[in-house]
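Chemist: Sequence:
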Amino acid sequence: MSDELPPPPDIARDVFTGEAWDRAEAFAELLAGPGVVRGLLGPREIPRIWDRHLLNCAVVAEAIPPDVRLVDIGSGAGLPGLVLAIVRQDVTVTLLEPLLRRTVFLQECVETLKLENVEVLRGRAEELAGKRVFDVASARAVAPLDRLLKWAMPLLNEGGELIAMKGERAAEELAEAEPQLRASGARTAELVTVGHGKVEPPATLVRVIAGRAPEHGRRRRRR
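According to my numbering, the residues represented by the sequence shown are 1 to 223, in order.
Since the hints were made in silico from the structure, they are not lab data.
We put the beta carbon where it would ideally sit given N, CA and C, even for glycine.
Please note that the accuracy of each hint is not assured.
[As the list claims (entries may be wrong)] Label pairs and their in silico Cβ distance ranges:
(1) 39 to 124: 33 to 41 Å
(2) 176 to 212: 21 to 29 Å
(3) 13 to 90: 14 to 22 Å
(4) 185 to 7: 31 to 39 Å
[Claimed, not checked] Listed next, the in silico DSSO-like pairs over lysine-lysine satisfying Cα-Cα at most 30 Å (straight line):
(5) 150 to 131
(6) 114 to 198
(7) 114 to 131
Build the full structure now, drawing on both the sequences and the hints.
Modeler: As structure tokens, then:
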């Protein structure tokens, strides 16, 4: 199936530079081959692997601060987490995924691509809360924003960021998530677009800055 993979667009060389270029090409082949065979990506996605998946995820790196610990929630086929690890070697990435067949694929990708800044962790965000803490949480097509907030915010440092890839309904989801934003003690929440001049349309993100959840604050004051 990998022979159906189209050549990368010219802009890809501007996005994936240095060692990232070879890794991006190799990852594209893995997605189009084993990724499709194992059902992580649909066959119809092969012609769109570069523009819809690799490039669309890579431009999210514009919103990621330097030298952070990032958890990619529901990583699936490694989108966007594995792509971010390819583009940003300064970022330590944890690919969090509950399904075994997906974590097996992700681990094979990490080893094939020789990515030393990535760990693959099988599990759910709820199970990781209280055990690990990160600076950034990323997610793509995992859940509506209100549910994603419940999973992501307990994994973030105070001042950490949730970067959620959202499409046309981003503004609606942000409005609908207002009660959960208050409940989770979020400091700010905003829409951000990245990838101008690189992907069309630019990728729309929801960025939420974590505060301390109200109930945590009350417990702290009582002490």
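Chemist: Indicate, hint by hint, whether the structure satisfies it.
Modeler: Checked hints:
Between residue 39 and residue 124 the CB atoms are about 20 Å apart, so this pair departs from the stated range of 33 to 41 Å. The beta-carbon spacing between residue 176 and residue 212, approximately 23 Å, falls within the hinted interval of 21 to 29 Å. Under the hint 14 to 22 Å, the C-beta atoms of residue 13 and residue 90, about 21 Å apart, fit the expected range. A hinted range of 31 to 39 Å for the beta carbons of residue 185 and residue 7 is inconsistent with their spacing of about 47 Å.
A C-alpha spacing of about 16 Å is found between residue 150 and residue 131, which places the hinted pair at or below 30 Å, so the restraint holds. With a C-alpha separation of about 26 Å, the suggested pairing of residue 114 with residue 198 holds against the 30 Å cut-off. A distance of roughly 27 Å separates the Cα atoms of residue 114 and residue 131; the hinted pair therefore holds under the 30 Å criterion.
Hint compliance for this structure: hints 1 and 4 are broken, all remaining hints hold.
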